[in-house]
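Engineer: Starting from the given sequences, assemble the full structure and let the hints guide the process.
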Amino acid sequence: MEFWLTQAFNGISYGAMLFLLGSGLSLVFGVMRIVNLAHGSYFLLGGYVGLTTVSRTKSFPLALLSGALSVALIGLGMERFFLRRLSRQSLPQVLMTMGFALVFQDLGLLVWGGDPYTLAVPAFLAQSAQAGPVFVQFYRLFIIAVAFAVGIVLWVFLERTRAGASIRATVDDAEMAQGVGINVPLVSAGVFALGAFLAALGGVVGAGFIGVYPGLDFEVLPYAFVVVIVGGLGSLPGVVVGSLLVGLLDNFGKALFPELSYFTLFAPMALILALKPTGLFGKR
Amino acid sequence: MTWRRAIALAACAALLVGAPPFLPPYALTLLTQILIYAIFAMSLDLLLGYTGLASLGHAAYFGIAAYVVAIMTTQHQASFWACLGAALLAACAAAAVFGLVAIRATGVYFLMITLALGMVTWGLAFRWVSLTMGDNGISGIARPSLSSGLSFARPLPFHYLSLVAFLIAFGLLSLIVRSPFGLSLQGIRETERRMRALGYDVWLHKYVAFILSGAFAGLAGAMWAYYDGFVSPVEIHLVTSVETLLMVALGGPGTLVGPVLGAGVIVLFKNLLSIYTKRWLLILGLVYIGVIVLAPKGIVAAVRGARR
Amino acid sequence: MSGVAALAVTRLSKSFGGLRAVQQIDLSLAPGERHAIIGPNGAGKTTLFNLIAGELAPTAGRIALFGQDVTRLPPQRRAALGLARTFQVNTLFPSLTVTENLLLAVQGTLPTKLRLHRPISSYRDLYDRARAVLESVGLVGAGEVIVRTLSHGEQRQLEVALALASRPRLLLLDEPTAGLSLAESQRLTGLLKGLDRSMSLLVIEHDMDVVFDVAERITVLHDGKVIADGDRDEVKANPLVAEIYLGTG
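The listed protein sequences correspond, in order, to chains A, B and C. Numbers 1 to 284, taken from the numbering used here, label the letters of the first sequence in order. Numbers 1 to 308, taken from the numbering used here, label the letters of the second sequence in order. Numbers 1 to 249, taken from the numbering used here, label the letters of the third sequence in order.
Hints were generated in silico from the structure; no laboratory data involved. Hints are supplied without guarantee of correctness; some may be wrong.
As the list claims (entries may be wrong) - Straight-line distance between alpha carbons at most 20 Å, and here's what the computed SDA-like set of lysine to any residue pairs gives:
#1 LYS254/A / GLY134/B
#2 LYS225/C / ALA60/C
#3 LYS270/B / LEU109/A
#4 LYS270/B / ASP106/A
#5 LYS276/A / VAL202/B
#6 LYS276/A / TYR207/B
#7 LYS278/B / ASP106/A
#8 LYS270/B / VAL234/B
#9 LYS276/A / VAL108/B
#10 LYS254/A / VAL129/B
Structural biologist: This is the structure:
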């Protein structure tokens with residue numbers, strides 16, 4: 001029983017990190033229909049920047065902020081000066097984002113070297129306690145809290161603000177949105193930066209937990225895509241459900257069938273897609 | 001076929017057949033590599049250039065075939081034909097299964113799903129250590145030899161084996177794209193809606209194209225395992241899939257010849273670049289970006305455009 | 001001539017959420033009949049076509065082609081039964097040549113479309129049929145032209161040619177003269193009138209001259225419902241129809 005509960009808790013915390021990673025991707029996709037292969041790179045770079053910030057300033061909150069903001073700027077630059085030229089041309093966009101992913105990967109190697117690092121988290125978060133049958137690591141609780149907070153803020157932003165409404169309108173139908181006067185290029189740039197911000201935030205958070213190392217960018221990328229595919233592109237509730245599902249499945253899979261753990265990811269995804277090709281909450 | 005084209009093709013064929021014995025060793029291995037990747041790129045062109053389906057997980061079939069050859073050769077000492085047959089069968093089977101899930105989607109959804117399927121295959125190769133040796137990969141794959149005693153261990157014979165594989169792939173694919181089926185694929189690429197109204201089972205056509213494409217990718221993968229002597233999850237990685245996509249995009253989708261050229265350019269570039277600098281990945285990334293910005297429709301289209 | 005209707009639509013309805021695009025439509029075509037559907041914009045004409053062609057699934061009702069229930073069949077299966085259609089907006093294969101467009105149309109209902117072992121150029125009968133259809137619509141000698149470079153009028157001709165290529169038994173034409181000049185319109189009308197009686201025709205049209213020239217029976221749609229159905233004189237004399245077309249409806 002302890003095993004199951006602890007694994008469930010671990011799965012939920014992993015899912016929380018995946019939520020940060022996937023929410024940005026889902027929004028970017030929903031608004032711009034871009035498959036961003038550099039999304040994992042945002043995660044990685046966020047982690048690296050956060051790492052350096054902590055080692056220089058010893059401030060974890062600052063690390064979170066600097067990591068997320070710096071990468072948001074990079075994302076903004078990518079969209080504004082490069083991706084915008086290829087509006088709605090899926091394949092060239094994908095190839096270009098791959099180019100960026102390679103550039104970022106090598107820059108990461110150049111600046112931070114090839115060794116793996118783990119972010120030094122504040123002492124009180126590094127503890128753990130036994131809460132009844134569940135072994136609770138405080139840092140995992142922290143991740144869940146961050147994801148929850150971000151989720152609420154995103155929800156409020158999307159549902160209750162004008163900017164959010166513009167985004168939702170653009171997700172629904174970009175042409176119509178343009179037609180009713182919504183500044184779609186501005187929305188696109190903003191959402192892309194937001195997506196990068198969220199991914200990088202996930203990266204900083206993840207750095208204290210799974211660490212940062214070369215290759216992490218391409219390791220988390222499929223998770224991001226599976227979360228978004230399963231949940232449905234452009235849907236926030238979808239990302240919540242998708243990330244929880246993937247987090248739990250991956251955790252249990254790794255614990256129970258380590259060699260086939262990717263398969264435990266694949267099977268449900270294939271099943272869901274077989275029934276609903278646009279994902280659980282996706283629109284046709 | 002015009003006279004000019006026929007002469008050009010004959011000249012190329014003559015060069016391909018006649019030049020290898022005179023090439024220095026490094027150049028020869030590069031050329032072998034190019035031929036193998038050309039098969040891979042052409043297989044993807046069938047799907048992308050002719051059917052209009054951009055697959056981001058095509059390395060899965062390449063890699064699965066490579067692993068089958070690797071495992072069967074190192075653990076079971078199986079013969080060349082058995083390995084080749086099993087590899088092709090495995091690649092087809094994987095394409096058949098993945099196709100069922102992927103083909104229902106279109107456009108960007110298809111990109112995402114094939115990406116995920118490819119990465120899941122990579123993950124299996126990475127984690128199923130008892131079968132695939134995980135990250136360490138499988139090494140010591142011996143070059144094939146036929147029961148008659150003919151061995152392809154040395155570079156030159158193996159090169160000619162690869163050339164034969166390439167020519168067979170090129171020939172078959174050329175036939176397919178010029179056949180009624182091939183024209184149907186192009187129709188699907190252009191206007192699916194009309195194809196349905198005209199009586200075509202679009203799903204079936206796409207599915208068959210998907211499996212055929214996977215089969216040829218598998219052929220390339222099998223040859224690669226023999227060429228390199230070593231197979232690891234890198235063969236199935238997203239980077240490999242995208243690199244091949246770039247070969248097709250660079251050379252010009254829908255031409256078959258374009259992807260061959262694209263394969264040549266990228267293989268040469270990668271290999272020669274890494275000799276001169278450690279930052280070759282960075283430069284490669286910049287080249288990707290540059291190519292998309294400057295020649296979004298590929299070299300072949302750019303050349304044809306420049307000629308006018 | 002058999003007694004089976006070429007097309008029998010029974011109580012056909014289609015709703016998109018709360019919007020009732022098509023309501024309880026009854027329509028039937030006798031074999032060889034020339035039938036027009038008219039009505040103001042938004043009356044549901046194209047929706048009706050999409051339902052008959054199989055692109056849309058009805059919310060209720062039944063569609064039968066030559067006596068066979070096709071309500072659940074996808075478009076390609078209906079094509080195999082002899083249905084062909086044109087689209088309101090040119091739906092051609094822009095990067096391919098005119099000949100290639102027609103080859104696709106010709107082989108659409110033939111088993112050759114799945115053959116991958118012989119080049120298509122070896123199937124001379126397909127090319128002959130393509131050329132014949134091309135000539136019948138008046139696009140002679142345009143075989144090697146890339147479709148996207150054709151003029152709008154020529155593309156519209158090709159649009160009809162594609163539908164004729166499979167020798168359909170029931171041909172649906174969605175505003176075939178849209179965007180055509182007077183001369184082009186007249187030529188198309190001549191073509192339609194000259195079509196063999198083995199083909200039944202259902203035409204959506206806005207141009208009343210074309211309608212009264214070609215159609216023997218006319219169905220008038222308004223707000224997704226049939227408000228009149230009869231021959232030329234009956235429809236001309238119908239006060240409801242006059243109301244709608246004179247703008248008081």
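Engineer: Indicate, hint by hint, whether the structure satisfies it.
Structural biologist: Consistency of the hints with the structure:
no.: 1; hint: LYS254/A / GLY134/B; in the structure: holds, 15 Å
no.: 2; hint: LYS225/C / ALA60/C; in the structure: holds, 14 Å
no.: 3; hint: LYS270/B / LEU109/A; in the structure: holds, 18 Å
no.: 4; hint: LYS270/B / ASP106/A; in the structure: holds, 15 Å
no.: 5; hint: LYS276/A / VAL202/B; in the structure: holds, 19 Å
no.: 6; hint: LYS276/A / TYR207/B; in the structure: holds, 18 Å
no.: 7; hint: LYS278/B / ASP106/A; in the structure: holds, 10 Å
no.: 8; hint: LYS270/B / VAL234/B; in the structure: holds, 15 Å
no.: 9; hint: LYS276/A / VAL108/B; in the structure: holds, 15 Å
no.: 10; hint: LYS254/A / VAL129/B; in the structure: holds, 13 Å
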